[in-house]
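2 protein chains.
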Amino acid sequence: MEKTIAEPTHDEDNRLNSDFVSAVVDAVADGDVEGARALVAPLHPADIADLFELAPGDRRKAIASALHGMIDGDVLAEMNDWVRDELMEALGPQEVADIATMLDTDDAVAIIEDMDAADQREVLRALAPDDRAAIEEALGYPEESAGRLMQRDLIAVPEHLSVGDVLDYLRRNEDLTTDFWEIYVVDPSHRPIGTCKLSWILRTPRSVAIADVMAREQTLIPVDMDQEEVALRFQKYALISAAVIDAAGRLVGMITVDDIVHIIQEEAGEDILRLSGAGEGDINEPIRYTVRTRLTWLLINLPTAMLAATVVGLFDERIAKYAVLAQLMGIVSGMGGNAGTQTLAVVVRALATNQLTSSNSVRMIMRELRIAAANGVALGLVVGAGCYLWSGVPGLAIVFALALFINNIVAGLAGVLVPITLDKMNVDPAVSSSVFVTTCTDSLGFLSFLGLAAMWGLGS
Amino acid sequence: MEKTIAEPTHDEDNRLNSDFVSAVVDAVADGDVEGARALVAPLHPADIADLFELAPGDRRKAIASALHGMIDGDVLAEMNDWVRDELMEALGPQEVADIATMLDTDDAVAIIEDMDAADQREVLRALAPDDRAAIEEALGYPEESAGRLMQRDLIAVPEHLSVGDVLDYLRRNEDLTTDFWEIYVVDPSHRPIGTCKLSWILRTPRSVAIADVMAREQTLIPVDMDQEEVALRFQKYALISAAVIDAAGRLVGMITVDDIVHIIQEEAGEDILRLSGAGEGDINEPIRYTVRTRLTWLLINLPTAMLAATVVGLFDERIAKYAVLAQLMGIVSGMGGNAGTQTLAVVVRALATNQLTSSNSVRMIMRELRIAAANGVALGLVVGAGCYLWSGVPGLAIVFALALFINNIVAGLAGVLVPITLDKMNVDPAVSSSVFVTTCTDSLGFLSFLGLAAMWGLGS
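Read top to bottom, the protein sequences are chains L and H.
Whatever position you read off the first sequence (first residue = 1), add 292 for our numbering.
Whatever position you read off the second sequence (first residue = 1), add 292 for our numbering.
With the rest of the complex left out, here is chain L (with noise of 0.2 angstroms):
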């Protein structure tokens, strides 16, 4: 038999089949342990970690059961957040502990801070003195902040070594990390003064100073800098590793791409879910909670769709004489909804990439408003051709085409002007701007359309 090139476990994704996945469920629930541990000891820890998010949540401490021991923090780290917190509760504050001990502080943390304060307690206290001091220096960091992110093991010279002296640095001591991927170069005060990349050094004679090898020019990360602006600054200056700072200058850590980019997918993709009120969107969370943060939202949205409802009952005497202005109302409102979210979606995203600032903002307000006049005349002049074909009323076909127009322009200038507002104000456009951007184009939609119809005299 010939092999395929497509490893069996894996799907096209990627990701685990179903029948693998299948295998171990069903191994560990006939009791057949070695079976289990067979199947899934040629995997690579962030599979282990998606076999757990795959298999069925009611089997997910028998499988952790079976699988004691090959759970170490390697997988901990990749796995969603709330089957981690379920597995946490299955194994027990030692075994956390163990785990936590063997990790980079910042995954150590990323592990610890999202269990409750008891069991938190719990853990810090089965950990080793200096483990402990570390992990609690990190947790006094604001959440999200730089200072829980970065790792403490980071290799830092003086700058008065040679190339030569800082190989055999790197090489007598036993106890220094094995994962860099650039050094610092420190000032006896220990604020770093240049960046050295790892090849710089090995294509470098051993003569030659490291101070004239690394590059001054850095970018240093504030302790206490959000993430989101962190990720920003890596993106933008394409950083492999960056030194963080204290308030006072000084070299306190040192943070990786590799865990920026979790937080640059994580960022960017929360935007959709906020714009929908899909609060995180974890599909691993439990549903109590999601039901939560949907139905708020709903609620939210709740008073808009009545204040719509009301604008409409202003002309009930008029629907009730004319019942096609009821059908075509929806279009209207309808069509400058989704107008309205495509310059939304724009903007927020132009926002969230600091693409859009104080100095482009007049620029993208005018250049939203051609956009909606452009639509508005092309979507009227289709609407209000195909109106007077189907009903072969002249007004009403003006009136629909003119109402179209205007919820355009409405769509667009509420889809620019909300979301930059939000932020100007310090509120996050993606949560708060839809419900204002769909009062807008619902209720004026059917304003302009059921008033123009008033004025024009339609149904009398």
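No lab work stands behind these hints: they were computed from the structure.
Any given hint could be a false lead.
Since the list gives no way to pick out one identical chain from another, each pair is judged satisfied if it fits inside one copy or across any two copies.
[Said to hold, decoys possible] Here are the computed lysine to aspartate or glutamate pairs in the DMTMM-like style, where the Cα-Cα straight-line distance is at most 25 angstroms:
| no. | residue 1 | residue 2 |
| --- | --- | --- |
| 1 | Lys716 | Asp516 |
| 2 | Lys528 | Glu436 |
| 3 | Lys716 | Glu509 |
| 4 | Lys528 | Glu559 |
| 5 | Lys353 | Asp408 |
| 6 | Lys613 | Asp396 |
| 7 | Lys528 | Asp303 |
| 8 | Lys613 | Asp715 |
| 9 | Lys528 | Asp550 |
| 10 | Lys353 | Asp574 |
| 11 | Lys528 | Asp574 |
| 12 | Lys353 | Asp516 |
| 13 | Lys528 | Asp518 |
| 14 | Lys528 | Asp373 |
| 15 | Lys528 | Asp305 |
| 16 | Lys528 | Glu435 |
| 17 | Lys716 | Asp467 |
| 18 | Lys528 | Glu558 |
| 19 | Lys613 | Asp406 |
| 20 | Lys716 | Asp574 |
| 21 | Lys528 | Asp516 |
| 22 | Lys353 | Asp390 |
| 23 | Lys528 | Asp471 |
Starting from the known structure of chain L, arrange chain H on it as the hints suggest.
Relative to chain L, chain H alone:
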């Protein structure tokens, strides 16, 4: 005078502030070329790129002429595609070719691939033969594939070398690349058999064989793999760089994480723009393209709106008798639309990040159904009670509450089934899902509310 910590050129988002941008624009407009160059000289290439994006479109060519010689490959590589294309025309093929020569292949390809065919030929002709061959080979790979992303300059060594041999090789060969994070160990047919982080080499004595330092487990990227898939591998396995192989398994290039970071950001941000029909949503795109993209989407949504209007038309006699139905029907369709958008956002993100696979799709459908039922009951009770207090008509309140419940179920089911089905058919669910989901929530929302009202005999 004391120095402030914030740079005077940057705002709180670490983008050039509008005063600085205006100062450069004004200096160029006043013919003060030296003044403009003095302002720009201290900037990082990423900031020079920003300067062009933030300056008004009609001033960019004049700024480019004033900054002649300061716009190097690093600046162009950081620049928005549309803004860059505009500049390239101002620069002319010889200058573009000079810039491309100084770049890594992947960055040169990124600049050249978007040019139109005639300009591309001219630039290629102006290149040195070996640069030209490398770039033409890269352009031969599909767009957005690993072959376009990879650079050809990398360090590959045979496995019989010692660490000392590797150090000597790196120090003695002047023309090797200076920027790399890992070296690849290859067999005699140039197939990668292991990867070695530079930090491991630095921590190991000269006499140790490189084969004893390298990791044999490595993630190899096929040259034709789609960039989104490449990005997911980098994320899943926390890679800094990865070897790219051809169909015969030979090492042909290397991809580094700094290029992947941009892709992750783009791909994650794309979903929000596609779901809303905003195309690429690039704020620097010429306005005629933007209008075309957005208008197409609005026209695609028109039949959906018309179908919903047709459903309303079925009940126009009843609406004429009881216009309050017209008032409330928009609440049913609107709340259904909101709930559908929530589910859609979650499912689209879960599909894009490979969190939702065939192993857990049934579970996901059941999950969304339970959420929809819970939200439907809660919303139905709130809105039904409110309607009874407002109208005093129990039948209307019951019909309204029931219709809201039904439409929540419709929204939940459509929101999860539509994207999963499209994904199975290899259609991007972010692009086309929302039309289908809106069609369901609008039409079935009206149908359930007006249909139940007719069955109950409201308005007769």
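We went through each hint and held it up to the structure:
no.	hint	result
1	Lys716 x Asp516	within (22 angstroms within a copy, 44 angstroms between copies)
2	Lys528 x Glu436	both (19 angstroms within a copy, 21 angstroms between copies)
3	Lys716 x Glu509	neither (31 angstroms within a copy, 49 angstroms between copies)
4	Lys528 x Glu559	both (15 angstroms within a copy, 17 angstroms between copies)
5	Lys353 x Asp408	within (19 angstroms within a copy, 58 angstroms between copies)
6	Lys613 x Asp396	neither (73 angstroms within a copy, 71 angstroms between copies)
7	Lys528 x Asp303	between (34 angstroms within a copy, 15 angstroms between copies)
8	Lys613 x Asp715	neither (45 angstroms within a copy, 47 angstroms between copies)
9	Lys528 x Asp550	both (16 angstroms within a copy, 10 angstroms between copies)
10	Lys353 x Asp574	within (20 angstroms within a copy, 46 angstroms between copies)
11	Lys528 x Asp574	between (28 angstroms within a copy, 17 angstroms between copies)
12	Lys353 x Asp516	neither (37 angstroms within a copy, 40 angstroms between copies)
13	Lys528 x Asp518	both (16 angstroms within a copy, 24 angstroms between copies)
14	Lys528 x Asp373	between (28 angstroms within a copy, 15 angstroms between copies)
15	Lys528 x Asp305	between (29 angstroms within a copy, 12 angstroms between copies)
16	Lys528 x Glu435	both (23 angstroms within a copy, 24 angstroms between copies)
17	Lys716 x Asp467	neither (49 angstroms within a copy, 50 angstroms between copies)
18	Lys528 x Glu558	both (17 angstroms within a copy, 13 angstroms between copies)
19	Lys613 x Asp406	neither (60 angstroms within a copy, 58 angstroms between copies)
20	Lys716 x Asp574	between (29 angstroms within a copy, 21 angstroms between copies)
21	Lys528 x Asp516	within (19 angstroms within a copy, 27 angstroms between copies)
22	Lys353 x Asp390	within (19 angstroms within a copy, 61 angstroms between copies)
23	Lys528 x Asp471	both (24 angstroms within a copy, 18 angstroms between copies)
Checked against the numbered hints given earlier, this structure breaks hints 3, 6, 8, 12, 17 and 19; the rest are met.
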